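Let the sequences and hints guide you as you build the complete structure.
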Amino acid sequence: MSIDRRSALLSWLFLAPTMIGVGIFVVLPIIGSLVLAFFRWDIITSPQFVGLQNFTELATDSTVGISFVNTAVFVALAVIAQLAIAMLLAVLVQSRMPPWLRVFFRSTFFFPLVLSAASVSILMRYLFNESYGVINWALSLVGIPAVPWLTSPQWAMVVVIAVYVWQNFGFSFLLFIGGLGAIPPEVYEAGAIDGATGWRKFSNLTLPLVSPTVLVASVMAIISSLQVFDQPYVLTRGGPGDSTRTVVMVIYESAFRQLEFGRASAIGLVLMVLIMLVTALQFRLARRFVFYQ
Amino acid sequence: MTRHLPALAKYAALLVAAVLTLGPVWWTFTTSLRPAAESFSLPPSFFPLSPDFSNYVAVFQQIRIPLLVLNSALVTGVIAVGQMLTAAMAGYVFARMEFRGKNALFAIVLSTMMVPVQVTIVPVFMIIRGVGLSDTLLALILPAIPTAFGTFLMRQYFLGLPLELGEAAAIDGASPWRTFFSIYAPLALPGMAIVGVLAFNYHWNEFFRPLIFMISEQNYTLPLGLVTLQGNLGTGSISIVLAGVILSMIPAVVVFLFGQRYLREGLTAGSSK
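Protein chains in written order, with numbering that gives the first Met the number 0: chain A, 0 to 292; chain B, 0 to 272.
Quick caveat, the hints were computed from the structure, so don't treat them as lab data.
Chain B is faced by these chain A residues, among others (derived, beta-carbon under 10 Å):
#1 7
#2 13
#3 18
#4 100
#5 115
#6 126
#7 169
#8 226
Beta-carbon label-pair distances, calculated as ranges:
#9 A:61 <-> B:259: 41 to 49 Å
#10 B:256 <-> A:97: 18 to 26 Å
#11 B:6 <-> A:157: 27 to 35 Å
In this text the structure is predicted, and so the values were computed from the model without any measurement. Cβ coordinates follow ideal geometry from the N, Cα and C atoms, glycine included.
This is the structure we're talking about:
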């Protein structure tokens, strides 16, 4: 066999597992979802073509509507909190300090990322328990009465956001550390000569220089928080009422609780389009606002 | 900027953040060492003065933790090794081989990277059911092995390795197979480690797919088993649930301690795609 023939054989054999796998488990399912979204199917009886009904029902179904509002509120607050905390801590960690301290803080803030969201939510459910949770106990020490964290609709959303941000701010933090580390020190030296200090130094020098990283970090935070499931499922099961029911929880319940596979596919497609829009917006904004060195 | 910020305020802020980050896990650990009967009592115990390991014994007796650990280890291990191998092979071809249609195939793989698992879960469930694999560990393993992100990562890795090595080997008469197995594959091991560590971290902690695919309790993975345990016990014995939570965290912490560099590299690699 010639080298060329052998190269071709190697290429196809090496690509086969990935291409066949991606074909069966991603490409085919996307097509399947696109088709299924136009049918009503409960697996037991035969599928029934319903046209756009699955989509039009989304607009009228109150649970679906609430889940989109909840997810929007969740994404907005979680992303802002995650980015703000991550940026503050990244700037502090990158400032002058003994190297071992920097390594300690950097590892600490990154640590929650490696834990399972389900396990974290289990322990947080205990910490936020109204009558015997540590958080209300700590608040009682300073005279604040017990907060119904998981049993009031408003507080439940706050807890879901807090638990999510607790676990995920480390990801944005890592990105910001990288972005801040790439700023050449001469910029600050020049800034110092011009008298830029404190907040002005941050807003006029640091922020523009890390703006590409901020944009990437925001988009990645938005995309992953749009898919939030583990935290609300374990912490509240979507309750009280529907107050913490998210889009992915409704996909899960429609498909695997109510056997409405067509409707679940339709919601899934809407979610995918949202994610694609966010990504497209990233490129738009990048051209307009982001400052590249 | 922070040179001018009072150092005290800076360290105070960092310390508060560190305590809030580590505190919940530390509380979990110390409470798991309290006698089950005391697990509700306040004030909480932040220092295990008289550690009681009976909860760990109870966890092993009560919820067949060994089986959950075994299932999780099996699923995670096979997925990690499978991803490392298939991603290295496909990444190598995309980086170093030339043939018609290569770019189109790579574009397909890349475009699937953005598709969230929730969009494909229903048809994947049908496919798994269709081939008779529902409620088996293979239902979790098979769909997770092909990895668009891992393939992308390995392609980048191979592109960074010197072209001359392969050319020299070819001149010496090495076959394309030998060039891969004796020259490039060993050099790509750090890249494969990134793929493996990322896969381990993601699938060891995974909850959504096991919740959907696993029906019999004997097939539960660790996170699913623990959530079920919390539900079953209601508010009965926190310490036992928390002992299970700590057990589930140990492998993740080991990876964190020894594979942190790979994990950081892999996690941030996604931001430059």
